[in-house]
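So the sequence lines, in the order shown, correspond to chains A and B.
The opening position of the first sequence corresponds to residue 1 in the numbering used here, with each subsequent residue numbered one higher.
The opening position of the second sequence corresponds to residue 567 in the numbering used here, with each subsequent residue numbered one higher.
The set of hints was computed from the structure by calculation and includes no laboratory data.
There's no promise every hint is true.
DMTMM-like mimics (lysine to aspartate or glutamate), calculated; alpha carbons at most 20 Å apart, straight line [stated by the list, open to error]:
id, chain 1, residue 1, chain 2, residue 2
1, A, K149, A, D123
2, B, K693, A, E270
3, A, K139, A, E200
4, B, K693, A, E199
5, A, K484, B, E701
6, A, K525, B, E784
7, B, K693, A, E58
8, A, K149, A, D90
9, A, K400, B, D664
10, B, K693, A, D233
11, A, K525, A, E115
12, A, K88, A, D162
13, B, K788, A, E482
14, B, K693, A, E212
15, A, K497, B, E628
16, A, K344, A, E140
17, B, K777, A, E482
18, B, K693, A, E174
19, A, K423, B, E573
20, A, K234, B, E701
From a predicted model like this one, the values you see are computed outputs, not experimental measurements.
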Amino acid sequence: MSDKKSLLKNPRVIIFILILLGSIVAIHPGYTPGKGTTSNLNFGLDLEGGSWLQIQLEGALVQVDVDSGKLVSGIVEPIIGAPIEITKNDLDVGGSANKSITFTTSGTVSASQLEYLGTISVDKLSGSTTQVTISDTSKESLIQSYLSKALDAEVVTKSTEDGTVYEIRTAVTEQKLESLLEKVGGSIHKNEDGTSTYEEGVSTDTRDLTKEILSDKLNSLGIKDIPVRTVGDKYILIDFAGIDLATAKEIAEKPGKFEIRIQTTGNETEHVLYGDSIVSVGVPSFHDEQWHTPFTLDDDGARTLQKVALETGAIDDPDSHYLKMYLDGVEIYGAPLSSSAAEKLRDAPIYSWEASTGTDDAAKTEAKALQVHLRAGALPVNVELVGSGHVDAGLGAQFKTAALIIGLISLIGVAAVVYFKYKRPEILIPMVGTSTSEVIMILGVAALIGWQLDLASIAGVIASIGTGIDHLVIITDEVLSEGKLPPTRVFKSRITKAFTIILGAAATNIIALSPLVVMGFGTLKGFAITTIIGVLIGVIIARPVYGIVIKELLHVDENGTASITE
Amino acid sequence: MATGLAEILDNFVKSHNDRQLLALPLAILAVSLIILLVSFVSSGSPVKLGMDFQGGTQISIETTDSPAVLEKTYSSYPITDVRQTGSRVIMQFGIMDDEQQRQLEQDITSHNYSNVQIQQVGPIYGKTLQVQALEALVISFIGMGIVVFLLFRTFIPSFAVILSAFSDIVIAAAFMRVSGIELSLGTLAALLMLIGYSVDSDILLTNRVLKRRGMVEEKVSKAMHTGITMTTTTLAALASMYIVSTFSYLVVSSFTQITLLSQISIVLIAGLIADMMNTWLLNTGILRWYAMKPEFRGRYNR
């Protein structure tokens, strides 16, 4: 029974050993002459050297209450400088997508003033009365156009179960928005419980799109692999390994160069427009049996495109005059003008375009990629730099060494206190051994999930050495409360009692740190996750084994001194 | 050391009545609360807010230039503080606009200092962090309180544990205020950790006294021996962390202070020393009085 081999038959011990070995494999420590030590561990920028930028996505999400008649009066009257009277309004009628509203006024109206609201037709009714109809519109698109113009920012609508949500892609306060809506007789919609639907930030989709565009742009430069991560809903964190801060900012701010060219003869192409002519890019959608990515051109762009299409003859023979799109000189898309578009271009410029990519899943992916590329690195929302940092590689290496020294000295310090208290190597060795294994397992998990270890995480590792030893002390004192090992039955109940205390303590530890994991404080998240992983590994895997091991070791010892028999 | 300390504390606890035990920790708690309150009234914040929460830029470089020289070199920027530790100088700047910020960074880069470290936080983000930090502390504390109540399911013992944890944090925060340690993300983490750490020994004590047979006096004394060993081992780990991260440059001149680790460890050390007092005087006092109440007829003391 006291044979140490029996330890290896205990399933807990077996699991412990397997996980420990697994962790070592995961960490994969190695030494290459000349290159120094290597491992699978990922280190954060503060240990590796490099720069980081944290940016905030500015925007607001809101639902709106407004009467459609008042809305149109509120929008139109200040523009034409005269009162209007609504004569026909089907904006509030459900059903068809293209709705219209008609009004009369004594003022003078030119169609171009109101163009952004929909298709405008102006009829002189009598000497002083003009009748205006806005068609191809809807209440939502009117609100969208109004807010977009008033705030000089892109506004996107999204239908949800609770109604239409407007995403305003710039920083705007609730007060500002409320006062803008007041001017058109509207207000910010209230939730059922009376709280405002105004919310700072952008939708998850927009955040992810921004992240993709940034990632796409930064990595297309091909300097290095630049990871772009989202932190909560509002922040994006970009790591530039081995790059100084000034260069990092330059890279992040340099827009990609997007260009549309048209095929002239053979493989020759001619410049049409650059990315700055693209006003907005829509979400890819599937219709007419094809995937499409919609985008809008500004006045200059649309007119230039019409002119070039006429000059090159693309209007008469679209198929030999492909429109091609380039990002930083690389062709990313090419297609002919559709026959209907070509016909339309004969008479007028086209502002709203759609690039079709095909029918299958690959086409869907391409349409999505195009959505990113068309923006040419221009982000869908306004962003503000809220934090940045830089650590030289040499300093990072120094921190790494210091962290290692701190870990070792901590362990030695703890061992000294333990030895001083118990003065028995058969307690000291399993205790320090358990603690060391816990550290190896935490690092193993970190390597496995690709977690970046930064200075804060290392503080977490050291903190878990601290709590780990605390719990081992509880087990030891509980088991040896009479100064020697009790019989197995008593031993088992004592271990259970020790674990009641340990589990309670571990639970409070985890609860106390969980706000940091959820709130995502950047660096502190690493610290909290490492500590929590440490506590879990300790409680579930390592500490029970410690109980088993000291029982065996002390048993052998006590047998030797013949002070206890079973 | 651990054993000696436990003996002294044990004798002290045995020779004083419950009321006497509470006097010292409650007095220190009161003084700490006053310190935080005065600070709050005079500066709008109970602790000094660091750059992480206020916004600004901190640049630390290795240089032979003296702080005075550097202050002059960068006088065109809103430089607020220059400190020297070993061969390194840490410069603190106020809030700048993007253009000025960039210029400063280029300026620093062009000087070719070695081992540069730059940290910058925008003022708005700092404000957001302040709110989040407060939320995190409150949520964390409430979460801990709930777990403690679930563990013991009786009001007074749970309250004693929570009061003692509260006092640990208040004392640690007052210590930060007095010794001029700023609230940074690192020290915030330390305070949160203290919430978790400090209840370890309180749970041990309460569990032993309420859920075991034996004389209260004896159970407290045994728990104390275990508890003091626990706290001393933790203090040993933290002291190592503090010494190496703060003073290693005195031994190896090329080394630098690791401010984050230095701050985390010193705040935890202060909190844990407070915890020894709070667990073994404050919590013990309340718990001993509770367990000896006549209506329990020796339920906890047999």
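Query raised in the report: Among all the numbered hints in the text so far, which are the ones the structure does not match?
Result: 1, 2, 3, 5, 6, 8, 9, 11, 12, 14, 15 and 16
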